[in-house]
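As you go down the protein sequences, you meet chains P and H in turn.
To convert, note that position 198 of the first sequence is 198 in the working numbering; the numbers rise steadily by one, no gaps.
To convert, note that position 92 of the second sequence is 92 in the working numbering; the numbers rise steadily by one, no gaps.
Since the hints were derived computationally from the structure, they do not count as laboratory data.
Think of the CB as a built atom: it goes at the ideal place given N, C-alpha and C, for glycine as much as any other residue.
A portion of the hints provided could be inaccurate.
[As the list claims (entries may be wrong)] Not the full set, but computed from the structure, chain P residues with beta-carbon under 7 Å of chain H: (1) His-347; (2) His-349; (3) Asp-350; (4) Asp-357; (5) Gly-365; (6) His-366; (7) Thr-379; (8) Ala-380.
[What the hints assert, rightly or not] Taking lysine to aspartate or glutamate and the DMTMM-like style, the derived pairs with C-alpha atoms no more than 25 Å apart in a straight line are: (9) Lys-24/P <-> Asp-393/P; (10) Lys-60/H <-> Asp-345/P; (11) Lys-24/P <-> Asp-102/H; (12) Lys-24/P <-> Glu-26/H; (13) Lys-24/P <-> Asp-3/H; (14) Lys-24/P <-> Glu-6/H; (15) Lys-24/P <-> Glu-121/H; (16) Lys-142/H <-> Glu-14/H; (17) Lys-23/H <-> Asp-345/P; (18) Lys-60/H <-> Glu-342/P; (19) Lys-271/P <-> Glu-64/P.
[Said to hold, decoys possible] Covered by chain P, according to a simulated footprint, are these stretches of chain H (three or more residues, beta-carbon under 8 Å): (20) 6–13; (21) 38–46; (22) 57–66; (23) 119–133.
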Amino acid sequence: MRGKVNLDVAAIRRDFPILAQEVKGNRLVYLDNAASAQRPRAVLEALNRYYERDHANVHRGIHELSSRATRAYEGARETVARFIGAGDVGEVVFVRGTTEAINLVASAWGSYAIGEGDEILLTLLEHHSNIVPWQLLARRVGAQLKFVDIDDEGRLRMEQLEGLLTERTRLVAVTHVSNGLGTINPVGEIVTAARRVGARVLVDGAQAAPHLPLDVKALDCDFYAFSGHKMCGPTGIGVLWARRELLEEMDPYQGGGEMIELVELDRSTYKAPPHKYEAGTPNIADAVGLAAAIDYLTDIGLDRIGAHEHELVAYALERAASIPGFRAFGPGRGRAGVLSFELGDLHPHDVAQVLNDRGIAVRAGHHCNQPLMRRLGVTATTRASFYLYNDRDDVDALCDGLRAVIEFFS
Amino acid sequence: MSDLRELYQQVIIEHSRSPRNFKDLEGANHSAEGYNPLCGDQVTVFVVVEDGTIRDISFKGSGCAISKASASLMTAAVKGMTVAEAEELFGRFREMVTSEHDAEIDEEGLGKLAVFSGVREFPVRVKCATLAWHTLHAALEKKGEPITTE
Chain P
1 MRGKVNLDVA
11 AIRRDFPILA
21 QEVKGNRLVY
31 LDNAASAQRP
41 RAVLEALNRY
51 YERDHANVHR
61 GIHELSSRAT
71 RAYEGARETV
81 ARFIGAGDVG
91 EVVFVRGTTE
101 AINLVASAWG
111 SYAIGEGDEI
121 LLTLLEHHSN
131 IVPWQLLARR
141 VGAQLKFVDI
151 DDEGRLRMEQ
161 LEGLLTERTR
171 LVAVTHVSNG
181 LGTINPVGEI
191 VTAARRVGAR
201 VLVDGAQAAP
211 HLPLDVKALD
221 CDFYAFSGHK
231 MCGPTGIGVL
241 WARRELLEEM
251 DPYQGGGEMI
261 ELVELDRSTY
271 KAPPHKYEAG
281 TPNIADAVGL
291 AAAIDYLTDI
301 GLDRIGAHEH
311 ELVAYALERA
321 ASIPGFRAFG
331 PGRGRAGVLS
341 FELGDLHPHD
351 VAQVLNDRGI
361 AVRAGHHCNQ
371 PLMRRLGVTA
381 TTRASFYLYN
391 DRDDVDALCD
401 GLRAVIEFFS
Chain H
1 MSDLRELYQQ
11 VIIEHSRSPR
21 NFKDLEGANH
31 SAEGYNPLCG
41 DQVTVFVVVE
51 DGTIRDISFK
61 GSGCAISKAS
71 ASLMTAAVKG
81 MTVAEAEELF
91 GRFREMVTSE
101 HDAEIDEEGL
111 GKLAVFSGVR
121 EFPVRVKCAT
131 LAWHTLHAAL
141 EKKGEPITTE
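Assemble the whole structure, with the sequences as input and the hints as a guide.
Structure representation (structure tokens):
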């Protein structure tokens, strides 16, 4: 990791209009990026430009606007494919977000690939969106869920993962980066282990795509899912990447316009992937907005963004160490920009409420990680999560804020 | 800071640090579990009801300062009340924490519970303040299912 911060954070902050505001009379310190990030002007302008000049429905109009909208939408798909290292643009399916991507796989692939007595291997680091769809599927088909535990630092117990893989394991569904602890999982190693028993691998990339350089080909997984709104893009747009042969063999997820070739009264034929999975008028504008966000992040460099966040977390851990009762969860090293912690016996809701009074936005709660919280022995944590526009002043404000919280409740 | 001090009045902080009736209750003939999915907070309320009167009441669980203090003050307030009086107080309490910020507070009818009037300025905290009350209501109705604030 680079020790030196080389992002021009002041210039980056000027790109984000929302950050130039006060909350409760204080400069807004936005540290809830793992829940949702903010948008740079480039994204807002791309959305505006699209609606002001180019909007029409896609793939069906002869007229000028429809062909412009189609070009913009399919151009966005190409941008995504380049960003994640997909060789084939047809492997990029636009969805509403990570949650829909995982539900799509559970429904369109899981319904025929997973049967009674089969096993799905998950981990205690999973977000509810990578647990509940599999519970629903398992109940429907009579499959069994198994979970890989973590060690005391919040890393997956890889030897246990190896042991839990059996010839009945059909799928390993694992998060790339933990939203609760920031742990970066060794996806490559997991894929290698899964291959030995012939299991497919789905990676929840919601917390990775915004922060790490991505290469789905190098990861060698089968499905990769992520959301636009956590990476400076609009809400309501996300991506499922899947191997072409899987997209060819899977049934459609939803039926409707746009996804068909020929419709007869009792049957239909479907378009080739990815359009087979995009029934109805798609979220054209937000796909265009996501592409603008990707361009923005790529210009700065995902490796530099990741290193910057890493440096901020290290600085925060160092500064917070002297705060009475402060205890961080998660690995000491090799983690993404997520800092989950407790502050003595103060409840995270109360911590977040007092921080809010100082203009500081953090998340308090279980972070859609109830099994993980149970494993950590807490009902909730306070979580600060960093992004490219955060700086050491934000960390200082957080630490001063935490001291004020202690003072307030003493 | 004034809104925040209104929310966390000294009585609330004090009750959250040393909650009253925070224990199991032997001989309880009504109990219910309440749950706030937003933050994972959980409370169990135990009640001894005899001849329509709440003879004894206690609670256990984990939660933020607001929810703990609310449970604590609730148990102190309803002990000795008839079930109907407790339900009526719940109604007044709920009305206060969800009222408009300039609405009159019924201090006489609410007694000590008026310290929660600041909650109405923080709509996301209403569930914290009412969790114990919803749970008491469920216990008195003897609904077996755990209740949630959703």
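These are the hints, each one checked on the structure:
| no. | hint | verdict |
| --- | --- | --- |
| 1 | His-347 | 4 Å, holds |
| 2 | His-349 | 4 Å, holds |
| 3 | Asp-350 | 5 Å, holds |
| 4 | Asp-357 | 5 Å, holds |
| 5 | Gly-365 | 5 Å, holds |
| 6 | His-366 | 4 Å, holds |
| 7 | Thr-379 | 4 Å, holds |
| 8 | Ala-380 | 5 Å, holds |
| 9 | Lys-24/P <-> Asp-393/P | 18 Å, holds |
| 10 | Lys-60/H <-> Asp-345/P | 16 Å, holds |
| 11 | Lys-24/P <-> Asp-102/H | 20 Å, holds |
| 12 | Lys-24/P <-> Glu-26/H | 47 Å, violated |
| 13 | Lys-24/P <-> Asp-3/H | 10 Å, holds |
| 14 | Lys-24/P <-> Glu-6/H | 15 Å, holds |
| 15 | Lys-24/P <-> Glu-121/H | 14 Å, holds |
| 16 | Lys-142/H <-> Glu-14/H | 31 Å, violated |
| 17 | Lys-23/H <-> Asp-345/P | 19 Å, holds |
| 18 | Lys-60/H <-> Glu-342/P | 21 Å, holds |
| 19 | Lys-271/P <-> Glu-64/P | 23 Å, holds |
| 20 | 6–13 | holds (count 3) |
| 21 | 38–46 | holds (count 5) |
| 22 | 57–66 | holds (count 5) |
| 23 | 119–133 | holds (count 3) |
In this structure, the earlier hints numbered 12 and 16 are contradicted, and the remaining ones agree with it.
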